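Enquirer: Those sequence lines, one after another, are chains A and B.
When we follow UniProt numbering, the leftmost residue of the first sequence carries the number 1, and every step to the right adds one.
When we follow UniProt numbering, the leftmost residue of the second sequence carries the number 1, and every step to the right adds one.
No lab work stands behind these hints: they were computed from the structure.
Fair warning: there could be bad hints in the mix.
Claimed, not checked - Simulated restraints on C-beta separations:
no., chain 1, residue 1, chain 2, residue 2, range
1, B, 188, A, 112, 34 to 40 Å
2, A, 125, B, 190, 36 to 42 Å
3, A, 92, B, 50, 51 to 57 Å
4, A, 61, B, 190, 20 to 26 Å
Claimed, not checked - To spell it out: a stretch of chain A is covered by chain B in this simulated footprint if at least three of its residues, at any positions, have a beta carbon under 8 Å from a beta carbon of chain B; those stretches are:
no., region
5, 85–91
6, 137–149
7, 191–198
8, 202–211
Predicted model only: the values in this text are computed from it and were never measured.
Even glycine gets a Cβ: it sits at the ideal position worked out from N, Cα and C.
Listed below, chain by chain, are the residues.
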Amino acid sequence: MSGRDRVLGRIRRALGEQGAGEGGIGRAPGEPGAGEGGIPRDYLRVHGDRTPAESADLLAANLAEYRAKVHRTDEDGLAPLLAALLAERGARTVLVPPGLPPSWLDAAQAVRVEDRAGSTPYALDAVDSVVTGCALAVAETGTIVLDGGPDQGRRRITLIPDHHICVVRVPDQLVDSVPQALERLDPTRPLTWISGPSATSDIELDRVEGVHGPRTLEVVLINPPAQ
Amino acid sequence: MTATHLGMPAFPAAAREAVRDDVLRANLRRATHTIRDKRARAVSELADWDRLRAAGKAVKDHTLRHLDHYLLRLEAAVTAAGGTVHWAADAAEANRIVTALVLATGEREVVKVKSMATQEIGLNEALEAAGIAAYETDLAELIVQMGHDRPSHILVPAIHLNRAEIREVFRTEMGRWGRPAPDGLGDDPRELAEAARLHLREKFLHAKVAVSGANFMVAETGTMVVFESEGNGRMCLTLPETLISVVGIEKVVPTFRDLEIFLQTLPRSSTAERMNPYTTMWTGLGPSKGADGDGPAAFHLVLLDNGRTDTLADEVGRQALRCIRCSACLNVCPVYERAGGHAYGSVYPGPIGAILSPQLRGTDEEIDASLPYASTLCGACYEVCPVAIDIPEVLLHLRERVAQGGPATREGIRVRIRPARGHTAERAALRAARLLLERPGALRAGERLLSRARRLRPRRLPGPGRAWTDSRELPRPPREPFRDWWARERGGRA
Chain A
1 MSGRDRVLGR IRRALGEQGA GEGGIGRAPG EPGAGEGGIP RDYLRVHGDR TPAESADLLA
61 ANLAEYRAKV HRTDEDGLAP LLAALLAERG ARTVLVPPGL PPSWLDAAQA VRVEDRAGST
121 PYALDAVDSV VTGCALAVAE TGTIVLDGGP DQGRRRITLI PDHHICVVRV PDQLVDSVPQ
181 ALERLDPTRP LTWISGPSAT SDIELDRVEG VHGPRTLEVV LINPPAQ
Chain B
1 MTATHLGMPA FPAAAREAVR DDVLRANLRR ATHTIRDKRA RAVSELADWD RLRAAGKAVK
61 DHTLRHLDHY LLRLEAAVTA AGGTVHWAAD AAEANRIVTA LVLATGEREV VKVKSMATQE
121 IGLNEALEAA GIAAYETDLA ELIVQMGHDR PSHILVPAIH LNRAEIREVF RTEMGRWGRP
181 APDGLGDDPR ELAEAARLHL REKFLHAKVA VSGANFMVAE TGTMVVFESE GNGRMCLTLP
241 ETLISVVGIE KVVPTFRDLE IFLQTLPRSS TAERMNPYTT MWTGLGPSKG ADGDGPAAFH
301 LVLLDNGRTD TLADEVGRQA LRCIRCSACL NVCPVYERAG GHAYGSVYPG PIGAILSPQL
361 RGTDEEIDAS LPYASTLCGA CYEVCPVAID IPEVLLHLRE RVAQGGPATR EGIRVRIRPA
421 RGHTAERAAL RAARLLLERP GALRAGERLL SRARRLRPRR LPGPGRAWTD SRELPRPPRE
481 PFRDWWARER GGRA
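Okay, chain A solo, but in the shape it has when bound (with noise of 0.2 Å):
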């Protein structure tokens, strides 16, 4: 008997003696009569009633309780700030994915470096930092989701190098909370959340930023022009 045999007719003999009562046990879920399992769905979609300003200010202040570094700018702004961060952190090459739009780095003097197929982690680890867009960000628990878009690129680019600019549109790429950061993403794609610099908690139980991601993560926002 192979594997998958005994352990499905395991399953099978462990729920047998229920029936078919509890919980629409005999029927596949999904059919009629099973339900949603009775699954209690009242837990909140969001936490609190924020204006768009405020879910921005919000997602701000819990990455920058992670250890992030915030910016805020203008559609204007983001070339010569994305220039000065690059410039400030003495970053000599830029990762750059393929669907980056370029102006986004029209000011930088860091050399440009695509990710090319046959590019060996070994030459991702030499690139000083990396500039990406984002599919999402949760302002309730100050994360940022990549999707593999192509203004994001291979999850590889954004974990190699120590230095990780990711641009986020408010409010357009913003939700409340996880509930209504999964309605929007797509499973089939690679998902990486991330909340802040790599850290870890293993040494006592108390937590020190940066291990092996990024150990520099800012995060630009960038506001619609003032109406």
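Given chain A, work out where chain B should sit, using these hints.
Expert: The following block gives chain B in isolation, referenced to the frame of chain A:
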């Protein structure tokens, strides 16, 4: 389960040793108290915590009741997304599958993301026996591996060590595994983390095969989810060409939406954060089936039973399978805080381990039969559990089974557990108590006699009661029986 921890002394003996270790007690006290207070704050931020907890419990219960259905659905979704699914009934089968998969790549080294399931089955030892070196990359796992130590906590396996002890492990051992610790390494956690970063970087950059577990698997989409903090998980899940994930069958949830519950409850319960630094979700080989070069070119999922279906067969005990391995119950447990994780003789220590290990492994071994007693039944574990596992209820259920015997399932077969030896005196005492409680006159006479003789109270009980007083103070008899006091004080006013 494997023999890794078998032959361990029973919990009371191991705990007695641990309690005498002042450094260990100080380390544990410091760490568990730090995290306890932080967790309470993180949880209090969510006004709907109780509802999230109820929903998490309901999702897990629902899934367990239809486990065969959801596993088949998961298998179909993972396969459709370009992954390969394997099924392992026990540790030996899982180890065989993983070893064969690694050997087939031609590689002799793997990097590992911290995974309770692979610890449980003793995968590292099985790989080593096949000539494959497995490198742990989680900081605490690295410390435990280099120190030839055993994990003592679910989340932070090196919680029993303080910073100075960790520095010693790095200074003396790191060089034997690869890049040595920097000269003059101090014991500041930042310096220690930096030493680990430098040491492991080389391993990540050239790794071709990675082995992981997973926190959740989504049946509807085939999505796997790994929560982590350091980035070692991202390194292992993204850079190698082949990824092998060994995951317990109870980790499946029905829908992608269900993650909205656990993404809120798990980080707050485990590291007391609103969100852990990194969570990776991947579905097979991705939308391009690996053609875009984002992530591994081959993905294998090994679904592990290893005692889980036996646990599922027990209607009281099966709630242990709801566990999401947050370790909040360890951090609040007064017994864990004093005895430490090693005393539990399992990769699953603390209150959850006390109900999980005897169910996954059975209670034939002395250590497993003693685990249901490794608790004061104070209930703090149940209070903090984000999926509302009633640990005291399961402990009592398992105590009954150990003491009185009864039906159980082992490797899919119904068996009858025989009453354990060593509980004869307890059973006799309970029989005597029943006789006495059924005869109020005799009880009253006995109580009065005890009160009069209270000065003669011995420190330890004689005869078969002796073992009971090994670890307990004999209570001081009252000056007069409660019922006499009640009759005297309140008798006229009832």
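Enquirer: Compare the structure with each hint and give your call.
Expert: Against the structure, the hints:
For the pair residue 188(B) and residue 112(A), the supplied restraint of 34 to 40 Å holds, since their beta-carbon distance comes to about 37 Å. Taking the beta carbon of each, residue 125(A) and residue 190(B) are about 21 Å apart, not inside 36 to 42 Å as hinted. Roughly 53 Å separates the CB atoms of residue 92(A) and residue 50(B), a value that falls within the hinted 51 to 57 Å. At roughly 24 Å, the beta-carbon separation of residue 61(A) and residue 190(B) lies within the given 20 to 26 Å, and the hint holds.
Chain B is given as covering the region 85–91 of chain A, and this is violated because 0 residues of the stretch bring a CB closer than 8 Å to a CB of that chain, at least three being needed. Taking a C-beta to C-beta cut-off of 8 Å, the region 137–149 of chain A contributes 6 residues in contact with chain B, enough for the three needed, and the coverage statement holds. Residue count for the region 191–198 of chain A with a Cβ under 8 Å from a Cβ of chain B: 8. That meets the three needed, and the coverage hint holds. Restraint check on the region 202–211 of chain A versus chain B: 9 residues with Cβ-Cβ distances below 8 Å, three needed, restraint holds.
Hint violations for this structure: numbers 2 and 5, all remaining hints satisfied.
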